[in-house]
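First to last, the protein sequences are chains A and B.
Using my numbering, the letters of the first sequence map in sequence onto residues 29 to 315.
Using my numbering, the letters of the second sequence map in sequence onto residues 27 to 120.
Do not rely on the hints blindly, as some may be mistaken.
[As the list claims (entries may be wrong)] Within a straight-line C-alpha distance of at most 20 Å, the following computed EDC-like cross-link-like pairs (lysine to aspartate or glutamate) qualify:
#: 1; chain 1: A; residue 1: Lys277; chain 2: A; residue 2: Glu294
#: 2; chain 1: B; residue 1: Lys89; chain 2: A; residue 2: Asp280
#: 3; chain 1: B; residue 1: Lys107; chain 2: A; residue 2: Glu74
#: 4; chain 1: B; residue 1: Lys63; chain 2: B; residue 2: Asp98
#: 5; chain 1: B; residue 1: Lys107; chain 2: A; residue 2: Glu75
#: 6; chain 1: A; residue 1: Lys42; chain 2: B; residue 2: Glu108
#: 7; chain 1: B; residue 1: Lys107; chain 2: A; residue 2: Asp280
No lab work stands behind these hints: they were computed from the structure.
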Amino acid sequence: MSVKNISITPGWEKYMTKEYLDLVERGPYGKQKKVSEMGSFKEVLEEHPMCAGCAMTLFIRLTMVGLPNPEHTVLIGTAGCGRLALTQTSIPFIYGNYGDTNAVASGLKRGLEVRFKDQAKDVVVMAGDGGLADIGFSAVMHSWFRKERFTTIMLDNEVYGNTGGQESGMTERGALLKMAPKGKMFEKMDMIGLAQTSGVAYIARLTPTNPTRVASVVRKAVMIAREVGPTFIQAYTSCNIEYAIPTPKVLDDARDIEAKRYGFMEIISDEAKAYLDSIDTAKKAKK
Amino acid sequence: MYLVAHIDQAICSETACRLCTQYCPEANTILYDNAAKTAFVAVDRCKGCEICVGICDDLAKHKAIKMIMITDLKSPFELSKEGFRPEKWDGTHP
Ligand SMILES: Cc1ncc(C[n+]2csc(CCOP(=O)(O)OP(=O)(O)O)c2C)c(N)n1
Ligand code: SF4
Ligand code: SF4
Ligand code: SF4
Numbered sequence: 029m030s031v032k033n034i035s036i037t038p039g040w041e042k043y044m045t046k047e048y049l050d051l052v053e054r055g056p057y058g059k060q061k062k063v064s065e066m067g068s069f070k071e072v073l074e075e076h077p078m079c080a081g082c083a084m085t086l087f088i089r090l091t092m093v094g095l096p097n098p099e100h101t102v103l104i105g106t107a108g109c110g111r112l113a114l115t116q117t118s119i120p121f122i123y124g125n126y127g128d129t130n131a132v133a134s135g136l137k138r139g140l141e142v143r144f145k146d147q148a149k150d151v152v153v154m155a156g157d158g159g160l161a162d163i164g165f166s167a168v169m170h171s172w173f174r175k176e177r178f179t180t181i182m183l184d185n186e187v188y189g190n191t192g193g194q195e196s197g198m199t200e201r202g203a204l205l206k207m208a209p210k211g212k213m214f215e216k217m218d219m220i221g222l223a224q225t226s227g228v229a230y231i232a233r234l235t236p237t238n239p240t241r242v243a244s245v246v247r248k249a250v251m252i253a254r255e256v257g258p259t260f261i262q263a264y265t266s267c268n269i270e271y272a273i274p275t276p277k278v279l280d281d282a283r284d285i286e287a288k289r290y291g292f293m294e295i296i297s298d299e300a301k302a303y304l305d306s307i308d309t310a311k312k313a314k315k
Numbered sequence: 027m028y029l030v031a032h033i034d035q036a037i038c039s040e041t042a043c044r045l046c047t048q049y050c051p052e053a054n055t056i057l058y059d060n061a062a063k064t065a066f067v068a069v070d071r072c073k074g075c076e077i078c079v080g081i082c083d084d085l086a087k088h089k090a091i092k093m094i095m096i097t098d099l100k101s102p103f104e105l106s107k108e109g110f111r112p113e114k115w116d117g118t119h120p
């Protein structure tokens, strides 16, 4: 059904770029691709200018595989490193002002529900810890209080990576950064706790050490946001530049931080759990 | 001059575990050739981070990936030239 959205009008194939043709013929549209199939299908993410070995890049790549319906998804981002890759996907992308991503997403999701009554449209915000926990903080909190039905994914590199290393609310206490030369003086913000207090239907915390898990968490978050309420993923996606991690060690660092203080965690409401169970039951009945 | 990842297909094809593909930060960079049952690298997309080397050495324990000078590749596979055409991949990558 949905591959129609991107298919080429007959006769126009020769005018389209190779990349576009590959995407139509060998992309994930209308078929749910698995992490284990990576390398065998054309991904929606193209080349982009994010740094070599950046864990955020890996996380974004895996997120794109996890999206249940990329053809019916709109991404919202803002200033920060992540948008350098998010703008290079074949998924509509809205560049929110730094701070207003979750306000834009709220309006967009409501508008899409009015415009497309018979077709679920997924809205996914992906932005940095600075964008969501600092400048965008009030818009994030209010979107949760209002129970807006979209997914917020925090690319938590624990620093303002794109502007050269200022501390954010999500930086660990004591962390030394270029623009925090004496070490951060305050604790890391508890966004998971805040999400819980504001009644977010599905909350997950993870690192990119387990690709299948990343895709599965994204899928759950997007599905739950479709029907139940707001969802939040907080992902440790180290900045190897500002934290001076040699690129071959990026995943060792992620495993280490995961073991120490960023373990996998999922908090799911009863309603969201019942909804996921109903999807599973329906799938099994189909088989 | 810079280093890119290079996969020894003789070693890789013994298991073809596909782990490196899942951990490379760049999309469609480590590709999978079904005919030859091996992974291979699109060098025009490789940023030389060496993450795949650690994955193949320590997680997969196959030691099939080495970093080599891009100029030492005889006929490098470039995705931007070849396109994503798995039906044409027949084990003839360098
Ligand atoms: C209103 C506004 N203030 C400041 C900036 C400058 N700015 C661009 S990116 C950025 C930091 C991004 O940090 P974060 O959101 O943590 O993302 P990261 O780059 O670390 O992924 C800032 C402050 C801006 N674009 N808009
Ligand atoms: S500055 Fe840091 S977060 Fe940004 S792309 Fe580079 S490594 Fe990634
Ligand atoms: S991890 Fe090593 S053995 Fe496994 S697919 Fe990659 S190159 Fe081949
Ligand atoms: S060196 Fe980095 S970018 Fe190149 S193939 Fe390996 S993991 Fe991918």
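Okay, the hints, checked on the actual structure:
no.: 1; hint: Lys277(A) x Glu294(A); in the structure: 27 Å, violated
no.: 2; hint: Lys89(B) x Asp280(A); in the structure: 17 Å, holds
no.: 3; hint: Lys107(B) x Glu74(A); in the structure: 14 Å, holds
no.: 4; hint: Lys63(B) x Asp98(B); in the structure: 24 Å, violated
no.: 5; hint: Lys107(B) x Glu75(A); in the structure: 14 Å, holds
no.: 6; hint: Lys42(A) x Glu108(B); in the structure: 16 Å, holds
no.: 7; hint: Lys107(B) x Asp280(A); in the structure: 34 Å, violated
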